[in-house]
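There are 2 protein chains.
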Amino acid sequence: MSASSQSTEPGIAAMMQDIGLGARNAASLLARVSSEQKNEALLSAAKSIRARKDEILAANLQDLSAPKAKQLSAAMLDRLSLDDGRVAAMASGVEEIAGLADPIGQIIAEWDRPNGLHIQRVRVPLGVIGIIYESRPNVTADAGSLCLKSGNAVILRGGSESYYSSSAIHACLEEGLKSAGIPGDAIQMIPTTSRDAVGLLLSGLNGCVDVIVPRGGKNLIARVQTDARVPVIGHLEGLCHVYVHASADVQQAADIVLNAKMRRTGICGAAETLLIDRSALATHLPSIVNALLDAGCELRGDDDVCGQDERIKPAQTEDWTTEYLDAILAIKAVDGVDQAIAHIARYGSGHTESICASDTTAVEKFFHDLDSAILLHNASTQFADGGEFGMGAEIGIATGRIHTRGPVGAEQLTSYKYLVHGTGQTRP
Amino acid sequence: MSASSQSTEPGIAAMMQDIGLGARNAASLLARVSSEQKNEALLSAAKSIRARKDEILAANLQDLSAPKAKQLSAAMLDRLSLDDGRVAAMASGVEEIAGLADPIGQIIAEWDRPNGLHIQRVRVPLGVIGIIYESRPNVTADAGSLCLKSGNAVILRGGSESYYSSSAIHACLEEGLKSAGIPGDAIQMIPTTSRDAVGLLLSGLNGCVDVIVPRGGKNLIARVQTDARVPVIGHLEGLCHVYVHASADVQQAADIVLNAKMRRTGICGAAETLLIDRSALATHLPSIVNALLDAGCELRGDDDVCGQDERIKPAQTEDWTTEYLDAILAIKAVDGVDQAIAHIARYGSGHTESICASDTTAVEKFFHDLDSAILLHNASTQFADGGEFGMGAEIGIATGRIHTRGPVGAEQLTSYKYLVHGTGQTRP
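Read top to bottom, the protein sequences are chains A and B. Each residue of the first sequence is one higher than the last, beginning at 2 in the numbering used here. Each residue of the second sequence is one higher than the last, beginning at 2 in the numbering used here.
Since the hints were derived computationally from the structure, they do not count as laboratory data. Since the structure is predicted, the reported quantities are computational estimates derived from the model, not experimental observations. Be aware that a few hints might be false.
Chain copies aren't distinguished; within one or between two, either way the pair holds.
[What the hints assert, rightly or not] Below, a list of computed lysine-lysine pairs in the DSS-like style, where the Cα atoms sit at most 25 Å apart:
#1 K219 - K366
#2 K366 - K48
#3 K418 - K219
#4 K366 - K418
#5 K71 - K179
#6 K48 - K69
#7 K69 - K418
#8 K54 - K179
#9 K219 - K54
#10 K314 - K418
#11 K314 - K48
#12 K71 - K48
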């Protein structure tokens, strides 16, 4: 932090400190703003996104035609691109968040003590959240809205490749805040693409930032985890597994594997490795292989798996540790649930795993012994998503163990305080 | 971390890494150990503490007669000293923790989705916890037991001044683990007083430590917050306030203030500042002042407060920001609940505050607008304690906002995972 301060332009340091102080002040106001006022701001922001669609698309075109866009992969360009449908979906997303229950003020737990004290645990905002993301401009709307819903002030720092798109979306959020009488500092976007600004944000801006939520690829997460001097709610890779137990229904298993791998290959909940009981290779593997090959998926298997179908290529050791985010699946034969668990514990990233089985003992063992954020039985790993969990929206899937785990929605961006009601009690 | 590695003796670095790996292995076993086995270990450890009382007291005498003990304050010597009663209380504390419900495996929440998925949020351990504490040797038993109860492996690092006492207590915990068939690496104590070992622990031992819990004074907490490269559950100072509103019952307010200040002055939940409505100075202050002076408390007031009683000394600006941990109370007159809230928001540490009032509007405002971890109405701030909250025991009172807040008991040392039960669902 001191090193980065020394090398930072004084103008940026002062600007970032102003942003931090503005966020801190907004946070103390926001903690007391009514649900109605927050929802009014969100609905008005959604209206503004729809009304300013042309401006947003023009800004997006500016990003897409910038020199640096030429260096982006096809997948990144797809993430960056907006169209009528994506802008409309963004507005609907903000409206959905407005429709969620307000987590703030909820009584999470309450109990009485023998001495008559009544104790309530009540949800409060975290304070100021710094969100660092990459090419998807819609994160601006999602993250800004979720933070506002949960009573937090937010400092947004999007990727430089989506700077103009994010700025145009941010202007709509600001309009929403204004129309509801909430200070604009509640949702700030860092108005520069300088990397120094990220370093300063990670330093915590002298106590003005309570938590950092990074959303992006491995390089971003690695930088955040190394440099952050405030708590981080991390989102690491999703090396997700599907395990097909010998007791699985053949057709159901094939449907689940196909969906887990191919519905969308670029999301963190996409399956990357299939484990299958050796005793099920002859019965269960053919339907799975046919479905995947028909869908255009490349398959890489160990010796026993390759022996079943010549269209399967041999897997290398690194295949068990690779998050392809692409139409490739590694397949390995195992001798029962214990071996499947051992493989996942060794190679997995603790994100999401699914077991296809009708044997309840195997399912219970899988659920009990594995320690991933999400474990599923007879369902696709692609359900690893805040919306699918009923949270309305998410900032990402937390793979750390501190504070929150799994999909991070509005409720996960909160803390709590204790309210204790007495009648004159003193402690003996 | 790299700096501390470079200057660290190679022997210590290797030893610490072994401790980390041992803890990581123990953690993955512990997550699956039954409640009965954990409780058996705790009850056996308590038995061992009682049986080895003489050894523990001899080790304590060794600490108390060491040269460095001569540099300790009276309060620190008191914290360090053990006697028959304190050893018995330590054993009872461990037995109480054995008697608590096991948090691990508890279903925290469950719900159904429209597509038929049934989602459960189930409590799991955090993993490996590093606990850094100072002179109180009983923290060895409390922290070790709470971590075991919550299925976490723990690496204990006590103060060098209590090294022999903590080692003797740790031997009893190890005996308990052994008799229940749990690996000794579940509760490890760093077998050196070298400060390098602390630096290495704070580095996270290459991913072997999930969270650090510091328990001690400001210097310790500051070092931990600067150097830690893993999440920290922090325990900052308790600059606790009692606010006496004009509507308070006079006698009740005096009882609460006396208890909040004087029951024990050295704990973080002790009151340090009294705020009192200016309109209540004549009616409420005399009983409070008499009770406190009779109990031997020094009083320091602002001009209006001093004007009420010549035995009250004038307060300086620094009195509003001082955690005395001693028989001294700062007193300030305020004009109603809004001024009281503003004073606490500016000078408080966000730990614990109490309002004495019968006016429910004032209480609601105090509870709503203040954002301390614990807010009490008509009750002493000294109830800020895990045992008093019904948690059985605590490692401390967390003043941060991430992961947990307020008393940290077994439940607060946990994370969760999601178990999703399907019937073949794929995501559209």
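These are the hints, each one checked on the structure:
| no. | hint | in the structure |
| --- | --- | --- |
| 1 | K219 - K366 | neither (31 Å within a copy, 45 Å between copies) |
| 2 | K366 - K48 | neither (49 Å within a copy, 34 Å between copies) |
| 3 | K418 - K219 | between (34 Å within a copy, 23 Å between copies) |
| 4 | K366 - K418 | between (37 Å within a copy, 14 Å between copies) |
| 5 | K71 - K179 | neither (37 Å within a copy, 63 Å between copies) |
| 6 | K48 - K69 | neither (31 Å within a copy, 69 Å between copies) |
| 7 | K69 - K418 | neither (46 Å within a copy, 40 Å between copies) |
| 8 | K54 - K179 | within (19 Å within a copy, 67 Å between copies) |
| 9 | K219 - K54 | neither (32 Å within a copy, 53 Å between copies) |
| 10 | K314 - K418 | neither (56 Å within a copy, 35 Å between copies) |
| 11 | K314 - K48 | neither (51 Å within a copy, 61 Å between copies) |
| 12 | K71 - K48 | neither (33 Å within a copy, 71 Å between copies) |
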